[in-house]
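Given the structure of chain Z, go ahead and fit chain S onto it with the hints provided.
From first to last, the protein sequence lines stand for chains Z and S.
Going by the working numbering, the first residue of the first sequence is number 1, and it counts up by one from there.
Going by the working numbering, the first residue of the second sequence is number 1, and it counts up by one from there.
The hints are simulated quantities; they were obtained by calculation from the structure and are not laboratory data.
Misleading hints may appear alongside valid ones.
As the list claims (entries may be wrong) - Simulated pairs of lysine-lysine, DSBU-like, Cα-Cα distance not exceeding 35 angstroms:
| # | chain 1 | residue 1 | chain 2 | residue 2 |
| --- | --- | --- | --- | --- |
| 1 | S | LYS69 | Z | LYS38 |
| 2 | Z | LYS52 | S | LYS3 |
| 3 | Z | LYS44 | S | LYS3 |
| 4 | Z | LYS52 | S | LYS69 |
| 5 | S | LYS69 | Z | LYS44 |
| 6 | S | LYS69 | S | LYS3 |
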Amino acid sequence: DAMVIQNPRYQVTQFGKPVTLSCSQTLNHNVMYWYQQKSSQAPKLLFHYYDKDFNNEADTPDNFQSRRPNTSFCFLDIRSPGLGDAAMYLCATSRAFRRSNTEAFFGQGTRLTVV
Amino acid sequence: DAKTTQPNSMESNEEEPVHLPCNHSTISGTDYIHWYRQLPSQGPEYVIHGLTSNVNNRMASLAIAEDRKSSTLILHRATLRDAAVYYCILGSSDFGNEKLTFGTGTRLTIIP
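One chain only, chain Z, in its complex shape:
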């Protein structure tokens, strides 16, 4: 059974039109991550939550925002998508590493196309 679920798997949006990607987890993990992965590149961390505490990477554009209304759900909002934002977006979860350093579970990703 899938433990980290991303919806939708494929999303097409228009240039400049806000889009929201969603992620849910059944693992009750403290930490949730959003990564951006462009073709033939490694996943790039955008931000992560430790419980409700939001941690933004220094080079994440302001165009990217996130919400975590509860433990199970996390959303990635792209306010004005540009052609350069076309990518696979990956959500992941883990327990807090400092307690028992452990594995992260990734969703299947949402492939975003900007037209």
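Just chain S, lined up with the frame of chain Z:
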């Protein structure tokens, strides 16, 4: 953030052992060494992780150098299903800074 260095690609014959190297010379005392792999069109999946001692699990073994500046992921008997991009990652366990930052990865090709 501490960084990792891996070869861009490697090839191995099926049913032979594979040793995937990783350098992490700037590793800090609180960084765990993680390995994940990513098959085509899928999210990354956990392989193994460790701190100081060598680790074994059903998928692989992780050999960590005594000074922790390098490590090697060992697949004991490669199959075609092991063809993937393998990422060596330093997972910070500093309070408030726990995260996984991916390096460039090694694309492993298995030759039948």
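How the hints compare with the structure:
no.: 1; hint: S:LYS69 / Z:LYS38; verdict: holds, 29 angstroms
no.: 2; hint: Z:LYS52 / S:LYS3; verdict: holds, 27 angstroms
no.: 3; hint: Z:LYS44 / S:LYS3; verdict: holds, 13 angstroms
no.: 4; hint: Z:LYS52 / S:LYS69; verdict: holds, 34 angstroms
no.: 5; hint: S:LYS69 / Z:LYS44; verdict: holds, 23 angstroms
no.: 6; hint: S:LYS69 / S:LYS3; verdict: holds, 11 angstroms
Comparing the model with each numbered hint stated earlier shows that all of them hold.
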